[in-house]
Amino acid sequence: MTRLVQNAAGRLVPVEINGAPAVPYAGPRAHRPAGRRAGPLVRSCADFPADGDKRVESIKQALLNAGLRDGMTISTHHHLRNGDRVANLVFAAAAELGVKDLRWFPSASFPCHDGMIAHMENGVIHHIEGSLNGPLGDYCTEGRMRGTAVLRSHGGRWQAIQDGEVAIDIAVIAAPTADPFGNATGDRGPAACGLLGFALADSQYADHVIVVTDNLVPFPCIPWQIQGNNVDQVVVIDSIGDPAKIVSGTTQVTKSPDRLLIAELTARFCDEAGIIRDGFSFQAGAGGTALSFGLFLRDMMRERRIKARFVRGGSNQYLVSMLEEGLTDYILDGQTFDLEGVRSMRENPGHVNTSPFTSYNWHGKGNFASMLDCVVLGATEVDLDFNGNVVTHSDGRLLHGIGGWQNCLFSKCTILPIPSFRDRIPVIVDKVTTLCGPGELIDVIVTERGIAINPLRRDLIEAVRGSSLPIRPLIDIKREVEDLCGGPPAKPRLGEDVVAAIKWVDGTVIDAVRRLEK
Amino acid sequence: MSRVGEAGKREAGVRSDCWLSIELRDAGGIAIALKSKVGALYGEAIEAQLRDGCRVLGVAHAAITVEDAGALPYVLAARLEAAVRRAGHQPAAPLLPPARPGLEQAGDRNRLRRSRLYLPGNEPRFFPNAGLHAPDGLILDLEDSVAPSEKDAACVLVRNALRTIDFCGAERMVRINQGLQGLADLEWVVPHGVQLILIPKVEDPRQVVEVDERIAALRRTGEGCAEVFLMPIIESALGAWRAYEIAKASPNVVALAIGLEDYTADIGAQRTLAGTESFWARAQVLNGARAAGVQPIDTVFSDVGDEAGLRASVLEAKSLGFTGKGCIHPRQVAVVHDAFAPTADEVDKAVRIVRAHEDAEARGLGVVSLGTKMIDAPVVKRALATVELAVRMGRLDSGGGE
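Chains as they are written, first to last, in the working numbering: chain Y, 1 to 518; chain R, 1001 to 1402.
Simulated from the structure, these hints should not be mistaken for lab results. Be aware that a few hints might be false.
What the hints assert, rightly or not - In silico BS3-like cross-links for lysine-lysine, where the CA-CA straight-line distance does not exceed 25 Å:
(1) K1009/R with K255/Y
(2) K1035/R with K518/Y
(3) K1381/R with K1318/R
(4) K491/Y with K518/Y
Treat the numbers as computed from the prediction; the structure is a model and nothing was measured.
If we strip away everything but chain Y, and leave its shape as in the complex, we get (with noise of 0.2 Å):
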């Protein structure tokens, strides 16, 4: 087994994951990256038709050609989400090759992922590193995945693969429309789901790239969110996608009453400590509580003719209509949501495609995501630290990615609406099972029953003091919520192996989760 190092944060994290060695958690912004970047193979266009048609007949023979063996890494992406057709057939395809051993490197994955088990059974897949949840996060949290799963938010994986900690061998990128010549969009097409910015890096660094599309379009597709001077070759098939399952028709707000009180006190919050005001700017997630905090920001805005320079998303119907109402300057897009998002994208230049690299990454000359006024977020679980979980259930088990969770907590102020408890387990904990987010960049958690202050933030306790709003020390909420669950919940039972490595934004190991005993 491994050897265990006690991080910065206390956790005791493994000093090698997979074979490789793993720097531990030193703090929020403390480890320093030497080096230079990783880059791809060199290349010469006397190795590709002259014509720009790079098309194959088919996933099976693309992989070949790519010179697919035992113990490769491929990479896919969750633009299309639940409705991905692409990952499968690929590992299908592996599958009928005979490969064994591979690493799959998605950016996320979905339920319809689910028959990835069967792979990992029959060993052509050794292990992921990427978001699990259901079953997979079940087969994972068991400990029967071979290696050791690795999750990274969205900018941590922009990071790993910039800075050389994960090659990728072969990357299979899902293209709603693309070009012969292997440039592809996401904006249209049947499967359309707006844009590819969690391709984007593997389309840079991969030693491989194949793009998949069902709707090819003759040369140039415009625009060309994937470059085709990036890519090897292209495979046309009947269907990428579940055009159902990609985005909703429409986006839903919460009918939760308790949720929209959530939201209205965290809108609420953001106006009495002085953060909407003409220019500033703001990022809200895709869940009900974080939309409907949306609309009742909208709201204020409209009734003091607030305008925000721009919006971060997660686009949504909600913010297209703010963005044609005129509340916004921008909505810097970084995945879409509904139709509307999508259409919003095509046709309106204040609508912009942004990536991992430009909003997250961490290993870069600075990223969007810290210059927000505010985010809105959500989280599994939060201690009286402040420290964030949003990977693990309270019982142990993976059910979540980290998405861009870590890279927006460094904005001016982050905020998580949570229920103080969820049927009868407390959202409020003495320590999380998993810390994903230290609680130095925690700044504010609003639940139905109060607000509570990070310390830390004196300028924000100032701010608001003699409002009317419910602010609460943390630790109050936490003991009413359990003399109404009948106490603290008790702790999972969790074995020595590790069977998960979280990473800090910086590539750092922050925690580790542990194989839970039956």
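Keeping the supplied structure of chain Y fixed, place chain R upon it in accordance with the hints.
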């Protein structure tokens, strides 16, 4: 005789509740089969609670099966007690959760009752957070929202909720059933902190008297039972006809409400948005209540999605003289309170009239005037009422300044 009893819910989508089945046995102790959504965190606590509960209830031997979707302890206790009763076992003692501090405190007869939020009595997931939405009153409903076959289980659950849940300052209200069943309901709630009983479908003052007498009897036997107020609901032509008598039936009546769904059916009319069909009854209830010196309370507004419609409806009720409205969704509460509050103009004018009145009194003048206008005594009285209301609703400092 069957010695099996079941209680609770287990269909898909159930949250914060459980289904519990108990088979009473003659030997073998307590055997528990637990399947819980929160098993990893509270499995042991649940088993311990069930064993402890059986001891209190006087059940020594039983097989218990539980499918739990995150029921809070007071819910689990209620389901256990209901199942045990249904299995034909008369509990040695009721399985009472510990009482919250302040449970014995009586309500305030004259408190604001602008909003009363109905919660279905057998739906525990709505209970813990309802008070956070700050209605003036929270109603745990045993009547129309509870299926006839679940009345017994709802009684146990509502009793436990009264003892456990923080109402956050909202008046603790229960709507009982009609007739004998309603009188029996009182035993479950009067000793457990209820502050106001809503009596449905009242057509005769004697109904109020019966409820009042039963409460008095329960209070004599129970310890620490606070005073319990009454809010009869008028829901028929006959009830409307006798509104004043009903409001005067007991000194414990503090408010008289009208329920229009049943009323319009009773008079053979369709309920319309304009509401002309119910105008007489509403006016009758309003005047009956005012004549008896109690608060006149309007019906519920049932379109949860129509905030503008709700606001208009409250403003119309307010213009008629009503001081309260029924709510069926927490998001209606703030709208109702806002619409009942005096407007800034109304407050401003009232403050000026009150000041003129005080000024005239100080100078020993018999006549109050504001500018060139004479102010009559009823105008002063209404202005005083507006100022008082504005202070109570937080629209005006009690010092009288803006």
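K1009/R paired with K255/Y [C-alpha distance capped at 25 Å]: 23 Å, holds
K1035/R paired with K518/Y [C-alpha distance capped at 25 Å]: Holds. K1035/R to K518/Y sits at ~15 Å (cutoff 25 Å).
Holds or violated: K491/Y to K518/Y, with C-alpha atoms at most 25 Å apart: 14 Å, holds
Pairwise hint evaluation, K1318/R against K1381/R, where the allowed Cα distance is 25 Å at most: Since the Cα atoms of K1381/R and K1318/R sit roughly 17 Å apart, the hinted pair holds (cutoff 25 Å).
Against the hints set out earlier in the document, no violation occurs for any number.
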